[in-house]
Amino acid sequence: MRLVIAAAAMAFAAVPAFAGEGAARDGMQWLQRIATASRSQDFSGTFLYQQGNRVDTSRITHYVDGSGNELEKLESLDGPEREIIRRNDEVRCYIPGSKLLRVEKRRGRKAFPDLLPEQVGMLSENYDVRLGGIERVAGLECQIVILEPKDDMRYGHTLCADRETGLLVKAVMVDDAGQVVEQFAFTQVAIGGPIEPAQLKPRFAAAPGDWREERLTPPEINDTGWSIGNPPRGFKKVMEMKRPMPGKGLQVTHIVLSDGLVAVSVFIEPLTGDKPPRAGVSRRGSINVFARPVSEHMVTVLGETPVTTVQLIGNSVNHSGK
Amino acid sequence: MTIEISELMDGELDVPASDAIAARVSRDPRSREDWGLYHLIGDTMRHAAFFSPGLASGVSRRLAQEPVVLAPRRNSSLRKTLRWSLSAAASLAAVAVVAWVGLRTPPEPATGQVAAVAPAAPPVQQPAQAMTSAVNDYLVAHQEYSSRFAMQGVAPPVQAVSFPADGSPR
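Residue numbers (the numbering used here), protein chains in the order written: chain A, 392 to 713; chain B, 982 to 1151.
Chain A on its own, in the form it takes in the complex (with noise of 0.2 Å):
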């Protein structure tokens, strides 16, 4: 049934569009193809996630019942073993080494190969998205799809996506020196299953009784008294909040401001006064810093970004009252 509405869907995209607008125009339908893709696919494979040194190889499986639910798990390949089932937006964490279930929502949080927003119309604000040629990936025919920033304020992004269904099987997050910032590759992936119903099932489910249940609530989504006066073009506020930090007394404001694709954090929290305020930009593998005190408060803003954007950020926080 999903492959008849998949065809239909590509017979539609394939009217033929307006000269000019039709690289840009192909591109958002794509964009559209894969943000479909990722969530309405059966999929079962392994891939590779890499940020600066660090490698992480995951096995994923991915099913949509009859109703529609999403089901999903993400095992750790390597290092401590995790295991991660989500149905829908109900998130499972089995860690076995600390014999610990970590239940919560997802909060929205995107992640591979989900990547997109489910508006990707807002991605054509902040990117120029054009096509790129044919790529075989995963052994996969794969339609390239670049998103180049329009700015200064964010790095770019180059995705293959399975010609035949649309799912995301590489995306690559690229500096402006052209330096990979993080990837994520499918090394093989069947798509369209079957997925027998045994391959969802946590391996840890049953758990004898000596395991911990953490539920994790979400924290409130309050008006802190902080805001951003003036961030850069297309970042908006997704999420607003007062949270215990580790090793922290005091509760920590934390603003954070995305683009579609990527996050931005703004921690604010108040000095202490036994030590001076630093400022100043720092670099944490593909991760900006950028901390200067405002109002007896220390404000520190970190992102995948140039180091522009945490700066811009940062400078524009302003504290609005209690």
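Wrong hints could be hidden among the right ones.
[As the list claims (entries may be wrong)] Not the full set, but computed from the structure, chain A residues with beta-carbon under 7 Å of chain B:
1) Y440
2) L506
3) V647
4) F658
5) L693
[Claimed, not checked] Sample of chain A residues facing chain B (criterion: CB under 8 Å; computed from the structure):
6) S467
7) R500
8) K501
9) F503
10) M630
11) Q642
[Stated by the list, open to error] Listing some non-contacts, in silico: residues in chain A with all C-beta distances to chain B over 12 Å:
12) M513
13) I525
14) G583
Since the hints were derived computationally from the structure, they do not count as laboratory data.
Glycine residues also receive a C-beta, built at the ideal position from the N, C-alpha and C atoms.
Given the coordinates of chain A, work out where chain B should sit on it, guided by the hints.
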């Protein structure tokens, strides 16, 4: 193991180490799978600066320059480490680098159950360093909301020894 495989692929291991890894790759199906996988994306990996042949000397140089003591303090900071279980990304990466540097540096005199890499050069205070502890906590919090790799938002089981990305003790 994954890092060792990529080193093997990049020809960065000496002969005994290469033999050992190659033997493991041929024995262990999962390593073999990794080996195959890495070759598949090898082209991209080779373009990444981190896998350049200068990595070993680069890491050693950085370690020498920074006042890095890769051992946990004995007091409350260890408890703190256990309690907060650190960032998956930062600590695992650091542990990996430690393990990896350990492979290629001559054995140090035993320092208890924890391997310590003493700085060769006098510590150089980096301006950003005072921020590092806070930034590590922020990184973890940020990744919970931002990382596009779902595993990254999951707190890892506490490792025997874990270090933040900057290598300073917690």
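A quick look at each hint next to the structure:
no.	hint	result
1	Y440	5 Å, holds
2	L506	6 Å, holds
3	V647	5 Å, holds
4	F658	5 Å, holds
5	L693	6 Å, holds
6	S467	6 Å, holds
7	R500	6 Å, holds
8	K501	6 Å, holds
9	F503	6 Å, holds
10	M630	6 Å, holds
11	Q642	12 Å, violated
12	M513	17 Å, holds
13	I525	16 Å, holds
14	G583	21 Å, holds
The earlier numbered hint that this structure contradicts is number 11, and it is the only one.
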